[in-house]
Amino acid sequence: MRYKDIYEEARRLLMICNACRYCEGICPVWTAIEFRTDFKETDIDYMAFLCHDCRTCYYVCPYSPPHELNLNPPKIFSAIRFIDYTKYSPRFFKRIYEKPIISTIILQIIGIALAFTVAFYNLGFDLNRFFVVSRFYYVFPHDQIYIGGLILAIYIALTLLYQSTMFVRGIGIKELSDLFLSSFLLALKDVVFHTWFRDGILSCGYRNEDYYMFKKLFWVFHVMIMYGALLLILATITAAVYKNVFGIFSPYPFYSIPVLLGVTGGILALLGLLIVVYSYKGSEEVELRAREEKSLNLAFSISILLPVITGLLTLISRSTNFMSMIYIVHLGTVIGFFLYIPFSKFNHTIFRYLTLAKYYSEIFSREHFRINPDSKKRKVRIILIA
Amino acid sequence: MSTGQLFDVIVVGGGNAGLVSAISAIEHGARSLLLIERSSRELRGGNSRYTRDIRYAHEDVDVFTTGVYSRDEMLNDILRVTGGKTNIELAKLVVERSQELVLWMYKHGVPLVKAFRGTLHLSRTNAFFMGGGKALIDTYYKYLSARKEVKILYNTIVTDIIVDDKRVVGVKALKGSEEMMFKSKSVIIASGGFQANIERLRQIWGDKADKFVIRGSRFDDGMLLIRLIELGAMPVGDLKEGHMVAVDARAPKTDGGVISRVDAIPFGIVINKRYKRFYDEGEDEWPKRYAIWGKLVAEQPEAEAYVIFDSKIWGKFIPPAWPPYTANSLEELAIKLNLDPERLIQVVKEFNDHVQPCRVDYERLDGCSTKGLDPPKSNWASKIDTPPFYAYKVVPGITFTYYGVMIDRNARVMGKDGKPFENLFATGEIMMGNILGKGYLGGLGLTIGGVFGLIAGEKSVMPP
Chain A
1 MRYKDIYEEA
11 RRLLMICNAC
21 RYCEGICPVW
31 TAIEFRTDFK
41 ETDIDYMAFL
51 CHDCRTCYYV
61 CPYSPPHELN
71 LNPPKIFSAI
81 RFIDYTKYSP
91 RFFKRIYEKP
101 IISTIILQII
111 GIALAFTVAF
121 YNLGFDLNRF
131 FVVSRFYYVF
141 PHDQIYIGGL
151 ILAIYIALTL
161 LYQSTMFVRG
171 IGIKELSDLF
181 LSSFLLALKD
191 VVFHTWFRDG
201 ILSCGYRNED
211 YYMFKKLFWV
221 FHVMIMYGAL
231 LLILATITAA
241 VYKNVFGIFS
251 PYPFYSIPVL
261 LGVTGGILAL
271 LGLLIVVYSY
281 KGSEEVELRA
291 REEKSLNLAF
301 SISILLPVIT
311 GLLTLISRST
321 NFMSMIYIVH
331 LGTVIGFFLY
341 IPFSKFNHTI
351 FRYLTLAKYY
361 SEIFSREHFR
371 INPDSKKRKV
381 RIILIA
Chain B
1 MSTGQLFDVI
11 VVGGGNAGLV
21 SAISAIEHGA
31 RSLLLIERSS
41 RELRGGNSRY
51 TRDIRYAHED
61 VDVFTTGVYS
71 RDEMLNDILR
81 VTGGKTNIEL
91 AKLVVERSQE
101 LVLWMYKHGV
111 PLVKAFRGTL
121 HLSRTNAFFM
131 GGGKALIDTY
141 YKYLSARKEV
151 KILYNTIVTD
161 IIVDDKRVVG
171 VKALKGSEEM
181 MFKSKSVIIA
191 SGGFQANIER
201 LRQIWGDKAD
211 KFVIRGSRFD
221 DGMLLIRLIE
231 LGAMPVGDLK
241 EGHMVAVDAR
251 APKTDGGVIS
261 RVDAIPFGIV
271 INKRYKRFYD
281 EGEDEWPKRY
291 AIWGKLVAEQ
301 PEAEAYVIFD
311 SKIWGKFIPP
321 AWPPYTANSL
331 EELAIKLNLD
341 PERLIQVVKE
351 FNDHVQPCRV
361 DYERLDGCST
371 KGLDPPKSNW
381 ASKIDTPPFY
391 AYKVVPGITF
401 TYYGVMIDRN
411 ARVMGKDGKP
421 FENLFATGEI
431 MMGNILGKGY
441 LGGLGLTIGG
451 VFGLIAGEKS
461 VMPP
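Residue numbers (our numbering), protein chains in the order written: chain A, 1 to 386; chain B, 1 to 464.
If we strip away everything but chain B, and leave its shape as in the complex, we get:
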């Protein structure tokens, strides 16, 4: 391995954001590009392996979705889920270029599911990839590995960025025990959040961090993010915020992906270890709410909660890979869950007593709410009274963190002095906090990483 080799562009991280950046850079004229991926070739792609769909605004009806999703609506959705905690300028940029990105993906061979292919899963707001995220990233890897100007290094960790004032000169990397140095005219960082770094999580969440399940790649330890901030990059976002969902407590500790997600929440009730409901389960459509439940559960005692529902609900959602706890009475269910039967029956009874007569429709916001209950259940409130009864024990499943580095419109990393690094770019989870201060919209992570990937790729070759 030669050291000190000079590349036009170095991309750190081989997930969606990094791959889009790399392709964009090549197509904008980069003559030599080095893509450094931390994992092995087989496990490459970071969290993007576990994705399935991408959100994008489209003013017209198209083949990938079931209806119009206007730019205004998408921007409003972002404002709503983040509670205004967003960089509006960057959010607008993402919304405006989101459709261009999806068409770009299609042009580059990403197998997007089309509406005319029968009764497949489609939505109004998101385009789906046939086969999921691995098909997405493999399409990009296939493209890149066929280009002679691209060099891909697997099993390689970037340990440091070499900076000369506000200019990046190159990166230091480690492959096994071999230390390497690469020079480059610009560097794009797409190395993800710090969600797989249990040490950091423990500093933030205390002992509760031990309960956390890392839903995505085990490699996202955020060391490069920390290093960037040490080098003078401006941090953005709250350390505790992130994409966190409630997952089955039996989930694998890392890389469990989608199979551990518990989607029963809007159809039942969720109680914590103190037998208290703690949040409105039916507050909004599930795709706009599923990513807050991890944090909600993390805030509960012992970072655990129980989702309780009855047989009326069974079959209404995709179950996780493990069967739910099942019993013919609440008492029996409590015993199986190691809970106090009386107190479980009490909390269910209290909920049932506040349910109003209503025709429940799980397909839309039906307004079937509880009355006089705190917290309320605003939609899909129906009595839990038809055995068999079911339960899932859930823990926080962290997908990615929002705390990251601030960027400008050109995807350049901002310094603490308010000036951007000239040739250092960031995209993907590492800059997610610019747009997502809190909350989440299904499929938006790929949109953000992709749009700023296109920008970073372009600007890395043709500096702004």
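For reference, chain A alone in the conformation it holds in the complex:
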């Protein structure tokens, strides 16, 4: 389907859903729908990210295929989300989104090539020095890691800032200060606890006989990936603290905090990702998710899997002759991953968070108006970036 057709289909679906409203209470999408009588592009983009893809609405819908009305909210929202990723990105980089798997592989190759080039330079173009037991900072001195990390961090921050700003406008928030402060906190709570990912409110109630345990536990795998990634970031931070505050240099023993955090995070993320990638084989995925988003997810999974696997290999091989080679590849995959971040599925974290904040503000402002229709809406200034 083309861009316009997808929005037209979303509008058709939302008009029908708004006449039915049987899904009321399942998740925020079906509350937000009741605040609206017309569905403009802003509303559709907003609701698409409010959808956490739990699919409960699809299973309870009497109009889902093979019914002639052919309503498939998870699929259409997934298609809209894919459009949104590209729509709110710099025009120049849209191709990365459109060809996610090839893009992530190319970026990985660029990252690895870059790592090897720098390593060659650092090791004096001497191939023999690649295959001896070495120290990590012989291969890449700390200053290089810091400068490289800083450049990548600025690159990621600027791109994400641009995309978030575009997205905020796109879903109809005129100023961030129009939102309530507490709605940001509630949104954060939902992110932390995976509130809407866990099948919405019906989590322990309705399922038809097709809904087996694996799908019911799907949110657990997302928890593993998300918190695994957080642990990996935490490992990097503690390693930096070890070196700069305590003056302890790597390699750290296995039972040190950075290594334990890193290993736990790595294994959690690895398992979560492998299960998620495996689950894409199911026929449900074919029916309920847009093809484009599926490849986006796969590409993102690959781009995390590679640094996680090579990271774990680096740990295992750190006292062998292959240590340098594996470490260089690992650092390359990390560069590739960071390069890919702003044009990957990663953005859903920010977009979902913003839509949830808008959602809670919508609820608050309505309840506020209901209690006292004459009072002016309370405004709380939010300074996101100083």
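Derived from the structure by calculation, the hints contain no laboratory data. C-beta atoms are modelled at their ideal positions from N, C-alpha and C, and glycine is treated no differently. One or more of the hints may lead you astray.
One-sided and incomplete, this derived list gives chain B residues near chain A with beta-carbon spacing under 7 Å [what the hints assert, rightly or not]:
#: 1; residue: 49
#: 2; residue: 50
#: 3; residue: 52
#: 4; residue: 130
#: 5; residue: 132
#: 6; residue: 135
#: 7; residue: 258
#: 8; residue: 320
#: 9; residue: 321
Where chain B lies over chain A, by a calculated footprint (3+ residues, C-beta under 8 Å) [claimed, not checked]:
#: 10; region: 17-25
#: 11; region: 56-63
#: 12; region: 66-73
Assemble chain B onto chain A, guided by the hints.
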């Protein structure tokens, strides 16, 4: 497929009534049960797919509703909407066991919406299922498909009941072109009304039947109902009566469910093709009146009508899936509807002239009525004078028919000789006419089907 297999119980029809019967039969000790569903697995559940809530009497405040709804009040409501055309003994039975049924549903995992879950839609008289009727029937199917004594056959039509005097021996069925025969100790029929049988509707309503929209399942052709009456079952109810609502003329021909219902009627006026109002739009609370408007529209010339209202009303009701006709003047609205502008303006003016000054409150019966107008509008009468003006073209949407087979307290099908069939039971729409001679109360269909489902299931295993 083996033929001639013997089951303890055969249930025909896999909607709410049939599923409750089946579960009830299993829990009362049926060791083998065959559930025959006419539709595919994906479209199963008959009209129950399109339901959302169930009415039940409760003497105390509970978590599923907002207040007390006593047995007396519920029985009085039934008497009022049916105008006394009801089997009072059976109606009382439904009222008495309605709360038991809802608790039974909750116990069996039906996701009933509870009051403490925030600002969700709740009512005083009805319990709602989170997600609607498909969640209801899927809960039951999930239960049944996990029981090894239950066999479920989809895409299978029961073509005949094999009767030996007043005893049922089994059923004949057809799956594709394969003919099958199953023997059983008792049979429960829950195969619905005949509302999807256009041929029959045409015999009753004439050419107007072509305008009818079948709101529910396309499979309810009533062939089994006709067969039962041929076999000597006592018919009950009027052929023309049923649950019929006014639906948007753009609705799909079958299986449109709730999305085509036009709920603007009590807030505006309804005129027919002759530019005449024909019924009191504000006669009573909408949940007690919405199900008569289909028949009212069906009785009009060409079985069509127009709901006219103004911008004061917009947002007061849930709109159907299609936008209303909208115009900044009545004249323009008439042109869009293909009506004569002068006569439309005339009928609106006549109505406006009879509206009394009153503070309209759409939340309750406000007594804001017209004076000296025939027919009157008894509540929510306010002038249609604030553009933009809106209109819906409506046609009859038939949900289910009331004409069916007579049953006794044990849900057994009654014969024309006044004696019941020993082991043949009926529940659901096929026996709705026992209680609903006319009129309707929102959510009562599921209550009737469910209560007699519990009874039929029990009695099919332990004969009365």
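Going down the list of hints, with the structure as the test:
1. 49: It holds, given that the least Cβ distance between residue 49 of chain B and chain A is near 4 Å, below 7 Å.
2. 50: Holds - the Cβ of residue 50 of chain B comes within 7 Å of chain A, reaching about 6 Å at its closest.
3. 52: holds, 6 Å
4. 130: Cβ of residue 130 of chain B sits 6 Å from chain A, so the hint holds.
5. 132: holds, 3 Å
6. 135: Since the shortest Cβ distance to chain A is 4 Å, the answer is holds.
7. 258: holds, 5 Å
8. 320: Since chain A brings a Cβ to about 5 Å from residue 320 of chain B, closer than 7 Å, the hint holds.
9. 321: holds, 4 Å
10. 17-25: holds (count 8)
11. 56-63: It holds: at least three residues are needed, and the region 56-63 of chain A offers 7 whose Cβ sits within less than 8 Å of chain B.
12. 66-73: Coverage by chain B holds for the region 66-73 of chain A (4 residues, Cβ < 8 Å).
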